[in-house]
Amino acid sequence: MIRTLAGKHPARLGLALLGLGILVLVLVPLIASSYYVSVLGEALAFSMFAISLDLMWGISGVLSFGHAAFFGIGAYAFGLLTQDLSGGTATYIAVLAAIVVPALFGAGLGYFTFFSGVSGPYFAIITLVVALILGQAATSFPHFTGGLNGLYTAGLVFEVPGAQIDLSDVVTLYYVALVLTVLILFGAIGLVRTPFGQGLVAAGESETRAASLGYNTALLKTSMLAVSGAIAGLAGALYAPMAGFINPEVVGLTLSTNVIIWVALGGRGVLVGGVIGALIVAFLSSYLSGNVGHLWLLALGVLLLLVVLFRPSGLLGSRAIRRIVGSA
Amino acid sequence: MQQALIQVLNGLSLSGILILVALGLWFIFGVLGVINLAHGELFMLGAYSVVVVYGLTGSVWLGMILAPLVIGALGIVIEVSVIKRLYERPFDTLLATWALSIIAREGVTLITGGAFQGVPAPISGTLDLAGAGYPLYRLVLLGFGVASLVAAGALLYRTRFGVRARAVIANREIAGALGINVQLTDSVIFGLGAALAGLAGALMSPLVTIAPSMGLPFVALSFLVVILGGLRSVWGLALGAVIMGGGQALIGFFTSPVIAQIVVFAIAILVLRFRPRGLLA
Amino acid sequence: MQSGELSAQPRQSPPGVALLEAVALTCHFGGLKALNGVDLKVQSGELLAIIGPNGAGKSTLFNVITGQLRPTSGRLKFRGRDITGMPSHRLARLRIGRKYQVPTVFGGLSVRSNLTAAAYGRSSFGRLVWRPPGVRQRVDHLLEFLRMSARASDAAATLSHGEKQWLEIGMVLANDPELVLLDEPTAGMTTQETRQTEALLKELAAGHTVVVIEHDIRFVREVAQRVVVLHRGRVLADGTISEIERDETVRDVYLGRSA
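Residue numbers (my numbering), protein chains in the order written: chain B, 2 to 329; chain V, -12 to 268; chain R, 16 to 274.
Pulled out of the complex, with its shape left as it was, chain B reads as follows (with noise of 0.2 Å):
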């Protein structure tokens, strides 16, 4: 179907749609209440964690089943940073610091797992242990992460010399979250789209003939990785002056059970897909009045059972699509 309707140019349509997309996300607080912005504001900075996931998921082939670890961690350091102070300088420093050390956490775990030839599921459990673990860590250690309560992120003021951006301000904030995100995304696709991101793509197809034509598998996912982790982490960063507060809830197994759940349902292998997913769910769960109780996970487990059972390639991953993005 799509290449009908693409005809020679699949390629521009996509971007059209794209295009399309994003327009429609612009003008969205004009003619929506602030409920509404606040509620597509989260979803955005889910889009970009989502985006993350798949770039390792999709992309490079290796499936995280922890994948919060690196939004909470990110999103923790921001957390903790802008604690001590209502005014606005530290707040760059706590954005690169949400950046920097999932980044580096990323690198270590791929260390000790892609340079020991441990890959594919095994990995997929490590990170699955490494979430549990975190979740269990953050809640434990109340005088450090406060808990369960969590911590306070509202009103927050991010200064850049000549700039002030008020990050208590929905409307700002769903802004932020919507430059960042497009900027994220077509960023990603660029990076698919190089010799690295090809090399990635080669290597999850078949890993010997990519190590037998020369390229060092492991460091190239361990590379992944931390891009992964840093995205994951500017998510994290994004979502906390959103959410108002955090707690262990964005590092554990809800969040990386629902994240891997976007992608598989908009589809993996295209990056756009995990942001439509993230979108997609985020209206559904609203129009709950928000309640993410225990119906709604048993329901998106269930949806994800049947996506996996009956349309694996999700809503956009078809190989057309996949070629457009060039994990194809």
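Hints in this document: simulated from the structure, not taken from any laboratory.
These numbers come from a predicted model, not from an experiment.
Here a beta-carbon is modelled for each residue, glycine too, at the ideal position from N, C-alpha and C.
There's no promise every hint is true.
Stated by the list, open to error - Have a look at the derived ranges for each label pair, beta carbon to beta carbon:
| no. | chain 1 | residue 1 | chain 2 | residue 2 | range |
| --- | --- | --- | --- | --- | --- |
| 1 | B | Thr209 | R | Ala221 | 27 to 33 Å |
| 2 | B | Tyr288 | V | Pro77 | 32 to 38 Å |
| 3 | V | Gly130 | R | Pro102 | 32 to 38 Å |
| 4 | V | Tyr74 | R | Gly254 | 46 to 52 Å |
| 5 | R | Ala221 | B | Tyr112 | 40 to 46 Å |
| 6 | B | Pro143 | V | Phe241 | 46 to 52 Å |
| 7 | B | Ile23 | V | Gly105 | 52 to 58 Å |
| 8 | V | Thr242 | B | Tyr112 | 22 to 28 Å |
| 9 | R | Gln116 | V | Arg72 | 28 to 34 Å |
Keeping the supplied structure of chain B fixed, place chains V and R upon it in accordance with the hints.
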């Protein structure tokens, strides 16, 4: 000295449970090549089976006997309806079993209203050890761990079914070509693995608070045990279980359960770095 | 077109030193000795064929040379430098290339992407992000050389068996190795395709050192300058094809007269 002995026994009884859970995982992975992320929930459902039977009949023993049967049957149903369809897609199998684990956890939470439960131990009483009483029941658990290892070994190496299962583990395609009913073997093994998890959960039920998320720490630990032990030998599995279970109990005694988890995990990762094929490779 | 033009870097061969040398190479699998003391020298620029009955250890030898397997004992040298036990990607970076027995290409990627990925394989890490120039042209040349320009955008998985073999040869070329190991390049090919592969190989040999494992004796006669016979993990005979064909022990082994 007394404390030390108690801690060692605690560690060993935990290892006994871990061996049961890890054995189930190991069977399923060896024969089907499937990493069953719903294994912790099968464990949890085993514990809940005891709760239900206890509530209906007042007998914990009956619950412990029925639990592996019920969960084993559930395992067969899962294998036939979900796993078989995903035969060629290992990553999707991972996702599917994970989806099942979510469904089980949330489903049980909704049904039970999230209240915590408990059951009494079927054997009360203590054994006099170095001047203190050590719960008999925990020693029974340890015994079960050892017994299950022996039984697993016997099943694999002394029965005709075991020969067939080992053939499938060695080479699926050739086993099929030799006339072994691989489909049936798959279902039986998955059911067996599930039954082991259910039994472990049932046995564990008097010792812990029964809650929908009780399976998670166990399955995480069991996966590490299987990875540490390497996939080739049951002895590696046993060694891994002893190290992880014992380590967790000991370190947890001196510091805190969370720190114990972190340390034990860090040890597992380090071992993996230097011995990727397992401890006894 | 000469395949020498396909290389991005000219060959250098230090005189006197064999390009590849295996010394008492042994490889055990449990009780099985897949390689049992292989001594072999490959000179720069030659085209060597390795033949032998099934199970003789031919593919195992390749596996050891390209780092998929570690030898249990013995040494492997490349241009005099000890490469025993090096990981695959480092061996590839020393310009040792291999074509596998079962065509191993990146099925989900397009033919062009396969060749491009192969061309970048030995780039340094920094180069992987900032692309060096000239790769696109090289890939275009290769597509023409392989006569696959029409299929450039098709997914590699949709190629026929023979086309996949050629694509893989093309990928090995794009990777620009000095030593090329080909594992049964004509396996599963029609007579027509085999002829085309012969032509390809002769072109290839003009600019590279080639070692071929083959069962097709006619093919070997056409392309090889020197033939080595492997049997039970050892070198049984070594010489030109006519010498080999006259050798009594070789005949016995092939006709099953001796164990």
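Results of checking the hints against the structure:
{"no.": "1", "hint": "Thr209(B) x Ala221(R): 27 to 33 Å", "in the structure": "holds (28 Å)"}
{"no.": "2", "hint": "Tyr288(B) x Pro77(V): 32 to 38 Å", "in the structure": "holds (36 Å)"}
{"no.": "3", "hint": "Gly130(V) x Pro102(R): 32 to 38 Å", "in the structure": "violated (47 Å)"}
{"no.": "4", "hint": "Tyr74(V) x Gly254(R): 46 to 52 Å", "in the structure": "holds (50 Å)"}
{"no.": "5", "hint": "Ala221(R) x Tyr112(B): 40 to 46 Å", "in the structure": "holds (43 Å)"}
{"no.": "6", "hint": "Pro143(B) x Phe241(V): 46 to 52 Å", "in the structure": "violated (21 Å)"}
{"no.": "7", "hint": "Ile23(B) x Gly105(V): 52 to 58 Å", "in the structure": "holds (54 Å)"}
{"no.": "8", "hint": "Thr242(V) x Tyr112(B): 22 to 28 Å", "in the structure": "holds (26 Å)"}
{"no.": "9", "hint": "Gln116(R) x Arg72(V): 28 to 34 Å", "in the structure": "holds (32 Å)"}
Comparing the model with each earlier hint shows violations of hints 3 and 6; every other hint is respected.
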